[in-house]
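Residue numbers (our numbering), protein chains in the order written: chain S, 1 to 317; chain Y, 1 to 317; chain E, 1 to 317; chain D, 1 to 317; chain R, 1 to 317; chain V, 1 to 317.
Just so you know, the hints here were simulated from the structure itself, not pulled from any lab data.
Be careful, since some hints might not be right.
Copies of the same chain look alike in the list, so a pair counts if it works inside one copy or between any two.
Said to hold, decoys possible - With a straight-line Cα cutoff of 27 Å, these simulated BS3-like cross-link-like pairs (lysine-lysine) come out:
{"hint": "1", "residue 1": "K237", "residue 2": "K175"}
{"hint": "2", "residue 1": "K193", "residue 2": "K42"}
{"hint": "3", "residue 1": "K34", "residue 2": "K193"}
{"hint": "4", "residue 1": "K193", "residue 2": "K35"}
{"hint": "5", "residue 1": "K159", "residue 2": "K284"}
{"hint": "6", "residue 1": "K175", "residue 2": "K234"}
{"hint": "7", "residue 1": "K44", "residue 2": "K175"}
{"hint": "8", "residue 1": "K44", "residue 2": "K193"}
{"hint": "9", "residue 1": "K175", "residue 2": "K34"}
{"hint": "10", "residue 1": "K193", "residue 2": "K175"}
{"hint": "11", "residue 1": "K159", "residue 2": "K175"}
{"hint": "12", "residue 1": "K42", "residue 2": "K175"}
{"hint": "13", "residue 1": "K287", "residue 2": "K175"}
{"hint": "14", "residue 1": "K35", "residue 2": "K175"}
6 protein chains.
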Amino acid sequence: MLRQLKVFSGSSNPLLAGEICSHLGVESGAIRIKKFSNGNIKVKIEENVRNDDAYVIQSGSEPVNDNLVELLIMIDALKYASAGRITAVLPNYFYARSDKKDEPRISVTARLMTDLLQTAGADRILTMTLHSPQLMGFPRIPMDQLLATPYLLDHYRKKDLSNAVVAAPDVGSAKESRTFALALNLPMVILDKERLGDKERVVMRNLIGDTDGKDVLLVDDEVLSGGSMLEAAKMLKEHGAKRIWAGCTHGFFTNGALDRINESCIEEIVTTNTIPQQRNQNCKKLKVLSVARMFADAINAIHKGESIGALMDRLKK
Amino acid sequence: MLRQLKVFSGSSNPLLAGEICSHLGVESGAIRIKKFSNGNIKVKIEENVRNDDAYVIQSGSEPVNDNLVELLIMIDALKYASAGRITAVLPNYFYARSDKKDEPRISVTARLMTDLLQTAGADRILTMTLHSPQLMGFPRIPMDQLLATPYLLDHYRKKDLSNAVVAAPDVGSAKESRTFALALNLPMVILDKERLGDKERVVMRNLIGDTDGKDVLLVDDEVLSGGSMLEAAKMLKEHGAKRIWAGCTHGFFTNGALDRINESCIEEIVTTNTIPQQRNQNCKKLKVLSVARMFADAINAIHKGESIGALMDRLKK
Amino acid sequence: MLRQLKVFSGSSNPLLAGEICSHLGVESGAIRIKKFSNGNIKVKIEENVRNDDAYVIQSGSEPVNDNLVELLIMIDALKYASAGRITAVLPNYFYARSDKKDEPRISVTARLMTDLLQTAGADRILTMTLHSPQLMGFPRIPMDQLLATPYLLDHYRKKDLSNAVVAAPDVGSAKESRTFALALNLPMVILDKERLGDKERVVMRNLIGDTDGKDVLLVDDEVLSGGSMLEAAKMLKEHGAKRIWAGCTHGFFTNGALDRINESCIEEIVTTNTIPQQRNQNCKKLKVLSVARMFADAINAIHKGESIGALMDRLKK
Amino acid sequence: MLRQLKVFSGSSNPLLAGEICSHLGVESGAIRIKKFSNGNIKVKIEENVRNDDAYVIQSGSEPVNDNLVELLIMIDALKYASAGRITAVLPNYFYARSDKKDEPRISVTARLMTDLLQTAGADRILTMTLHSPQLMGFPRIPMDQLLATPYLLDHYRKKDLSNAVVAAPDVGSAKESRTFALALNLPMVILDKERLGDKERVVMRNLIGDTDGKDVLLVDDEVLSGGSMLEAAKMLKEHGAKRIWAGCTHGFFTNGALDRINESCIEEIVTTNTIPQQRNQNCKKLKVLSVARMFADAINAIHKGESIGALMDRLKK
Amino acid sequence: MLRQLKVFSGSSNPLLAGEICSHLGVESGAIRIKKFSNGNIKVKIEENVRNDDAYVIQSGSEPVNDNLVELLIMIDALKYASAGRITAVLPNYFYARSDKKDEPRISVTARLMTDLLQTAGADRILTMTLHSPQLMGFPRIPMDQLLATPYLLDHYRKKDLSNAVVAAPDVGSAKESRTFALALNLPMVILDKERLGDKERVVMRNLIGDTDGKDVLLVDDEVLSGGSMLEAAKMLKEHGAKRIWAGCTHGFFTNGALDRINESCIEEIVTTNTIPQQRNQNCKKLKVLSVARMFADAINAIHKGESIGALMDRLKK
Amino acid sequence: MLRQLKVFSGSSNPLLAGEICSHLGVESGAIRIKKFSNGNIKVKIEENVRNDDAYVIQSGSEPVNDNLVELLIMIDALKYASAGRITAVLPNYFYARSDKKDEPRISVTARLMTDLLQTAGADRILTMTLHSPQLMGFPRIPMDQLLATPYLLDHYRKKDLSNAVVAAPDVGSAKESRTFALALNLPMVILDKERLGDKERVVMRNLIGDTDGKDVLLVDDEVLSGGSMLEAAKMLKEHGAKRIWAGCTHGFFTNGALDRINESCIEEIVTTNTIPQQRNQNCKKLKVLSVARMFADAINAIHKGESIGALMDRLKK
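Next up, chain S with everything else stripped away, as it sits in the complex (with noise of 0.2 Å):
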């Protein structure tokens, strides 16, 4: 039943849409985005979609409820233009942080997301590297995490780890960096910060293990204004570590984090495309990983039916 695959992008994330779609060797889909004059946004999808295998993509950057909109009604769109299957392609999910109630009346916003998404007329979603896999739970229509952690994987094999150590830069994201430890054959430590309030703002507890002379892989999901990174970097140094490589999936690097990181002892930052990073071309710390290819060997897996545990593996190795 479903004919062609399309791929629809979104207006947040340009650039790698269309290393997407030259690696699956496909025209962008036409799509006509207009923005009224009262921030109302207008989606015509300007070819038929009828039966068609639909990919949207989207990534949930800044200005991030703009692009959550703009996805919804796209779909919705494709929904009601009878496309064959839709699928959410949201190389960073949106609002993916808000993913448990952990303090009272709050919204556990990324459970909210899916259901907007399921509502808007989503048959499947297809993301990266979650900040926990239990938002995997959330939907009620089925969903593939790809990870980035073969990309940031290779980048350090590169490097010289015979006296490296990975660091977890809290608690919480202990487990992460555990699958970096272990594929690199590597000790860990942890640091044990505190958040102050809702805000941005950590101070540094602790630091449990030893990093005494060791060149250090500090390795988390996603950063925003970088306040905590550097904080960790700044004991990370206090405890004797050599060389900081500093490195995440989903760089949002806000409020001039990458300045900041630019002036700190971090020698390098490892990021991806999953946030757009074409403003952040000459910050010279910075590397970026395009994971283009991968989204591209998973669409077409969902597309031909094949499974996309097998193409993980393919590229672990």
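Since the structure of chain S is provided, determine the placement of chains Y, E, D, R and V on it from the hints.
What follows is chains Y, E, D, R and V alone, placed relative to chain S:
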């Protein structure tokens, strides 16, 4: 089961919300809304709402998508905080103009909005002056529509209407204008305009009816950049109109609309505060009518289970 | 997954269904519909429909509620017989005029109809010329609206229109009439009528525009007892109109409407067969246009996943 | 939250509804039901029902589909008028006999009815004497089934039953008849009939048990054209039965059923007013028992949150 | 869209599943089912199933709740693994006897089972010989019911039936027994038993019809502890029956049922393998008929979109 | 609308349920639960519950699937018996550990459990100490999570903690352990274990932090066979730990866990009665804390619409 009436205000129109609360004689509900550096919104309801009858006030004004997502998160937070009933109070409905599929492969976004509200957890909707009454058929939950008409009629009745006609700015809004003509016992004329693509620019085709030497009430449901209204005014003048009194319920006034109205042949523009009008305070031709009391009375009626129709009738007198 | 295209006809409009089948080159699907002595309907699908692409044709004509319930039972039977996809083909939408809540405590019955169709198991809806385009926002399933306009325009273009105007029978249908005026490049006039309560009786208030010495195309979406149209014709005559050519898409012609039209100043009444017209064959002023080909083409397009917009454009020429 | 008990009557059985209201000591709710000339029904609730506990009384009697659609529109109107809870009170359940799929590709229409009621907005169902108790498993909302049995038993107990047996008119209703046999402490016989196709004509195959010289209570849940009951009576007579007292809960009596019963060997036919019986007043063999009090008591119990089982037990005595 | 037919077997009835697979000529799908020490079940589908047409075979046999939860987890795993369509194949439906609300405040658990299956993600259900055909009205997804009757009839036709009658073990199953009587052209008798509370103990009240000197086919849909069947046999003997051949589709045979049957006047008990019968191999009176081919043929028909009714007809011959 | 608070206890943990009722000062609701010989469960609510506020207490303890199905049937029975609101009270959440998709093609069974509860008719969930807080995002109904932490902290505060550290038994539960470290103002160490396949056997890889000469609080959310905890204890001893005090909220203690703990270097194991502990009464190292009061207070708060957060805060002191 429902205990207390509680009103929570989103960020879009705090002045109107404040007025409504003060008519109701209640404090605005305690809520904390925070925006992270990547644009993600966090909402925390800061008082117990279990079993309460909660009203969330948010306008579809700019930044419209931020306001929408904030509204959805507020409703979601209230729902999981066990509010007894949640009414979305939308002085201006979100995306109200996108209420039909007049081109292939577009989204009926006003209906999508309704779906999103229900998904987030709204139990009822209260709104004002919809572009088309059919929108009342979109939700699967009860919806009440207030009309700003009594306020506008009150305003017009203070004028000398002995030589006046009502003008519909286009054929589509003729039915709405007819309400004014009937209530004020005036003749009606209709302008026949043509919209160029999606653009907010229009050209006038024709004028049906007679305006020579007449004072004209030129009423529409909403004004964005005002292009349409200004073109209409020009054509009315060309057809011999004397004074032109413009009016609308929802005054977006984007792209310097009010500056252009100030410089035009329009003598007065009257609107309401469904869209916040503080920033337009020093526009001398603008008159703003507050709809706060009508909303307060309607919320009170809903809370007590009284008829809103009766309330509207009371206001009409 | 979808195998064969199958068309099933309800009891309401077998001639139109037969014509559609013959344009499609298919036999009408085998079905047995029985009415028990207490009015209960039993439907048996008499051929295998597993995974088939089924179309059920039923008009909202009289006896309207029997036709509706029969339609719902047919869809239910097809769904549990494992039809692959079920499209409700409604040449005349059920309860299309009840599309708004213009009084308190009434039902938006056109929306309820949509809900019932979805509950019974319809996957899509195909219909023609809705009273208001907003109805397209009611269903949560894809809906295609065909327009009878090309057929009516074809018919009018054969006339001498050198001295003609288009008349909207009331303000509410001005937008619809404007389509005809634009397509035929004619001026437009608008009648301003008043409905007395729920009654089908109307009085004319006013005529906006000039009809003196003109031939008038008086077009509406539907005609019931014709009271409104006859009043309009009378008023047009009083304002100097020469010939009056009436037309509508959905010709219910209840309560002897055609008899009164035959005796009136209306020269011709043209309609389509969305409502069956066999019983009206000997009304000499009535011209019936068959919409069967457009429905056949649309069904074919849906079955093959082709664009219907393209089809409409093709027909317009 | 629920405020007042309000009872609204559809068009099907106003006398029963009136009796119920008078037992409850309430006025029937103000409602206006209009039928347009094309058969479309319009319902207007003419009093405020916000938060009220509304009961809508409608029987599945003829014209059954008009009554059904009217019922659905009434419920929809009440729901959007913000009724607190809506109970569909169906003295005779719609399409109750279509409760199984005993042929391929037919609809289990009794289940479809349940779905339609829920879609329209019913929160509960109250009905009487279903053809099969499994129907109670169809709705996803609470459903209470009253039984007319106590009324019928009361009636039979006034007879001399010293020489009586209970006869089941077919194998399928043996279980129902057994209830009577048990309660009256009588033996039972079973007739084995065969239905010809969908037709309402039957032939008798066999009689299991002994009726020689016996008075026979021939009880069924419903009687349509009475063919089955008359055949049964004939066979019972052939097997030596003395007097035959027929009875049923739902007396449709279509196609001159009562005339034929009057002329037959059946001595008496007793039924209830779940189906309106006014038009049958001058049938001398017919006795009608009113079930109004049981419905009034049940509505009262539901409104107050009391057990209906207790009520049934009370009635049994 | 649906690619391969894949059959997965739960833990309940692997032999039947194996036979079905071998009739279909497919390998059983790779799956790993693990039970943790706290009884929690983990299911891992060990092959790609994207877009596949998956069938999960599980019987409602003991341990029934473990089997049920395992089934739900299997379906959930398949759904999120993007299986194209999931059919729950239930040779014995779970909780099939709890199909009505014959006491207040009990659960219609057979309907709850249907709801749970749909929630887990089943798209269709295939089952055999339900206790009541009304259960087909419970699901909102297509359901096919196979009947073991042809197998049982085949078996009985090999006997000398010249002097036989069919006995219904109680009034409720008279309709089922009638099918056998009709197909074998035999008379029928009915036993009237009484169940004591919820207990599985029964007492016989009466025997309707004549069994003196007859061979009796005593058929029921299921046998649990056999108490009811043994009581029936005893009563039949008391009424002069010669040989008693018992039979049922679903042979649970709990609490030593077969031991007691072995010692009873019942000459033979025939059943099928919808409930696994391996552990009963050395019961000399028991004959087991395999229903594997009928299930294999039905799965094949569903996969190819062929009619199952046709298949049943084919088997009847 | 909600009338009385009623508490119903399932079969899993009647002692805890009894304690809760006695704190609440209510009798346990009248209910009859029967198991048929084929394992099918029948539930009968034996008192009127119309409009009542019903709480069903059931733990995810063994036999877990029987307890689950019994719970679902209880909820279903309450729903159809018209309970006003149903809260599933789950001292130990069912399948709480299956909360993520860390392998392809497995079920996120904790989410499936949530779906099943909603399908059966639960309106709210009340549970204790989830393995991951993200599980709070699974349901579409309000869910309250209590924490056993205050009880455990109370217990630990009675010890001499002057030389103590908190140990996380693996990286994944580091965040949970951190709560204890923070509350008791103690340092933290983290063990890095590896699970072998699905097996409950683990090997220890590493110990991050310093335990030499320390007393260790080894806390986890649940203990099954205790393999992980015993391995951790061994490793802690190897790294110089003095005394080891183990603790967990949910003590399954399967496969002789307590025997092995009794024989190990662990000095004490403290748990709560979320899992019934009667059978472990004579294990001398085991201390059981009752969580009944916290559940009683929470149920009371929910019933009265009071904040549970406030309750938790009160308990913390």
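Status of K175 relative to K287 across identical chains (alpha carbons, at most 27 Å): within (24 Å within a copy, 31 Å between copies)
Copy assignment of K175 with K234, given that the CA separation must stay at most 27 Å: both (22 Å within a copy, 22 Å between copies)
Check K193 against K35 for me: Cα-Cα at most 27 Å, and say if that holds within a copy, between copies, both or neither. Intra 42 Å, inter 22 Å, cutoff 27 Å: inter-copy only.
One pair to classify: K35 and K175, alpha carbons no more than 27 Å apart. Within, between, both, or neither? Between copies only: 25 Å across, 42 Å inside.
Could you figure out if K159 and K175 sit no more than 27 Å apart (CA to CA) within one copy, between two copies, both or neither? Only inside one copy: K159 and K175 sit 23 Å apart there, 31 Å across copies, limit 27 Å.
How do K237 and K175 come out at 27 Å by Cα distance, when the copy is not named: within, between, both, or neither? both (23 Å within a copy, 24 Å between copies)
Within a copy, between copies, both or neither: where do K159 and K284 come within 27 Å Cα-Cα? For K159 and K284, the Cα distance is within 27 Å only inside one copy (18 Å; across copies 54 Å).
Can you tell me if K42 and K175 fall within 27 Å by alpha carbon in one copy, between copies, both or neither? For K42 and K175, the Cα distance is within 27 Å only across copies (22 Å; inside one copy 42 Å).
At most 27 Å between alpha carbons: which applies to K193 and K42, within, between, both or neither? between (44 Å within a copy, 21 Å between copies)
With identical chains treated as interchangeable, where does the CA-CA distance between K193 and K175 reach 27 Å or less: within a copy, between copies, both, or neither? both (16 Å within a copy, 11 Å between copies)
Homomeric proximity label, K44 with K175: Cα distance no greater than 27 Å: between (43 Å within a copy, 23 Å between copies)
Could you place K34 and K193 in one of the four classes (within, between, both, neither) given a Cα distance threshold of 27 Å? Between copies, since 21 Å is at most 27 Å while 44 Å is not.
The structure is consistent with each of the numbered hints, conforming to all of them.
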